[in-house]
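Single-letter residue listing:
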Amino acid sequence: MDQAEKKMSPKQLFLFIIQAQIGVGVLSIPYDLSKTAKGGGGISVVIAGAITQIIILMMWTLLRKFPGMNLFQICIRLGGPVIGRLLIACYIGYFILLGSNVLLNAYMVLQRWILQSTPKWVVLLLFCIMTYYLAKEKLTVLARFYSLSSLLFIPLIIFVSYGLTQARIEYMLPLTEAGLINILKGTKDTTISMYGFEMFMIVFPFIDASDSKKLKMISLSNLFVTLFYTFVVCTCLMVFNQTQLAMIPEPVIYLVKSLNFYIIDRADILFLSIWSITLVCSIASYFYAAADGLAVLFSKKNHQMFDPFVSVAFFLIALLPTTPMAIDRINKVSEFAAYAFVAVIPFLMMLISLFVKKKAGGAV
Amino acid sequence: MTSSEQTIYPSLDGNISYIRDKLCHTDDLKVRHLTYRGQSSALIYLESTVDPTLIERNVIRPLRQGGDEDLSQLFLTLRLETEHKLDQGTQSLLSGNCLFFTKDDMKQFYVLTTPAKYERSITEPENEGIIRGAHNGFIEDLTVNLYQIRQQISSTDLKVHYHNIGSTAPRKVAVMYMNNLADPAVIKKVEGRLKGITIDSVISTGFIQEFMEDQPFSIFPQFLNTERPDHTGAYLLDGHVVIMLEGDPTALIVPVSFFCFYQTPDDYSNRWMIASFVRFIRLLSFITAFQLPAFYIAIVAFHSNILPIQLFFTVQGSLTRVPYPPLVEAMLLELIFELLREAGLRLPSRVGQTIGIVGGLVIGDAIVKAGFVSYTMIIVVALTAISSFLIPSNEMSSAIRILRFPLMICASIFGFIGIAFGLTILFIHLCKLESFGKPYLSPLAPLKIKGFKDAFLRFPIWTIRGRHGEKKHN
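Just so you know, the sequences run in chain order F and E. With the numbering used here, letter number 120 in the first sequence gets 929, and the count goes up by one each step, no holes. With the numbering used here, letter number 437 in the second sequence gets 445, and the count goes up by one each step, no holes.
Treat the hints loosely; a few may be bogus.
Said to hold, decoys possible - Pairs of lysine to aspartate or glutamate residues, derived as DMTMM-like cross-links and limited to a Cα-Cα distance of at most 25 Å, are as follows: (1) E:K456 - F:E946; (2) E:K446 - F:E986; (3) F:K816 - F:D1020.
Derived by calculation from the structure, the hints in this document are not laboratory data.
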């Protein structure tokens, strides 16, 4: 009974991953891409989506080998109690780092656009309270809230689509202006907005579906996110020209701001308020992953007792960097951490798991 | 109940004095000495609980006239039971029975059912009026209430289960459900929690509700209460469990979702398009009822640039004369409104008119002229007030009215981000809530598009029906 209550449906998985993936990055990717890929930004996003899909496939092959286990349990299974726990500790560190990175970036955006004179710790505290209140619950509650807040994508998409009324396709053409190499380089800038799908490795055993259905759902959510990003990037590239884009770090907000909705001016304020709710989902995913990892690390049944610590860690890490240099550094560190923890380590684990299975098969 | 299980005494006087002692020599205890088959016998009853004409006509007269026939022949029209435990007998005195002791047979005594019935007639509940449909309502008598439900659902699957709750003054509680439709897990939870109630006496259904709720610390009601038999019957047929208390016209319905509080029986007698529209308006009122003042405060205090320029000047113009910050202004007016509402609630309608004049004229117009609040604020508060009365359930409406105060404070500190913060916390809380194991926000979270047909809108009935089959699969 309790076990059944904990599971989430495939539909919820779809929305869960979308919510975890779409975070702070989406506001600034058109800016990042315009620097490298220029008009071909859309292509870069599609390539990044394809790479993500390959990583998802890889994770899936790893996870399906160990039914009923998530990333942390697999770590212990493959690495033994010592190395496995060390690995879990690293993953917890990674989740905390990435979560607080999102938190920090969220603050930066809000500070720039709405809450200019609110002290940093107050904004961070607000977000920490929201994420704590959400992430201390069972996974089903998270899934319920995520699917509920997915409805907020509708106004967000409408806001951005409205920008198409001012679009000029010439701004984007020619697509390969920057050259293929630069477009590929642009892919690297996009990956930062793709993180979040690694939550898949945490929630995998708690989904009420067959393995292939799970893969289908997560691929669909990756497809949705990729298309959404492509749409946002292309819209921005069509509305602003290159010189304009070079001066606007958050073109999506600027786009919404410039629109006239007749009933309201300055739709960007509404946009950001709605968007900050979807950000809470993003942060809460990392929060939940870290707390869940701590529970496995200390062999506890539930993660409730670790939640306050995770919350404090998020708060402090996001509070520390104050100079733009330090913020840039933390962005860089989390980028590389993501490469290691999302791609390299799962890949190695998958290799080992292949080996382990053969060995076990041979022994029997 | 009590530890001593006193059986009948061999002498008539012994029995009478035992019962007298047991009832603390209360004055309404009557003992009538009669003769039956030549032996002296006694009829004991509480005159406040029995029907005197019934006793006179159906008990005493047959005894005087009939003479020596068997008792079951004498009291043909009454229910007759035999009993030998005196404490049981005393207890049954309280519920309108009378006891008959006779020297002829000192091993047992007889319990005759002669209760007085002083009941209100079946009228339509005042605060749940409908335009079309059945106009009956529950009353303070459990049997009559059950009769009304049985009359509506004549099915062999409708099951009633009685409980007695309260240690000093026990009251009867009936649990009702459709045996084939209700979820066994929910029934088990309801019965288990009912048995777990330890209290000396139950005053109202509110007691039961508070004892049984999943989350007593939540502001949202987790029981739907209604005084309408048709409403109750519809929920029973939908697989819900109904709890009723003897002497209380309220039926408690579990498990409920948030959207149940926004539905009325009228929705199903209206044409579906109209019903859908009305339901949509009601759900819209959920948003305006507690967000509008916060939204206004956020705009005026933080984001006045969100307004189109002409509107901005209008709002700004009315604000210049107001000396207070928007939060104080809003709080002042909201509190005045709450005062008026609470004052008008319990007043007879003749005095109530005075309240209306005081509220409408004096506070509405004079408060602006005096420069305490702005005209726009009056509009905002009036809109919120109206929206909060659109909600059919009084409990939900009060919950929502209270919610706007914290949200107003959030908005006055952080603007729109504060509202986003407040709403996030609120909706996380709603996602967490469960009513007897069923998610409160269903079908919104967990998302079930099929359920939307009867939650946000009201689709044609033939498209909604047939959901029972689905429910069973889950």
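We went through each hint and held it up to the structure:
1. E:K456 - F:E946: Cα-Cα ~21 Å, so holds.
2. E:K446 - F:E986: Outside the cut-off at roughly 56 Å; violated.
3. F:K816 - F:D1020: holds (14 Å)
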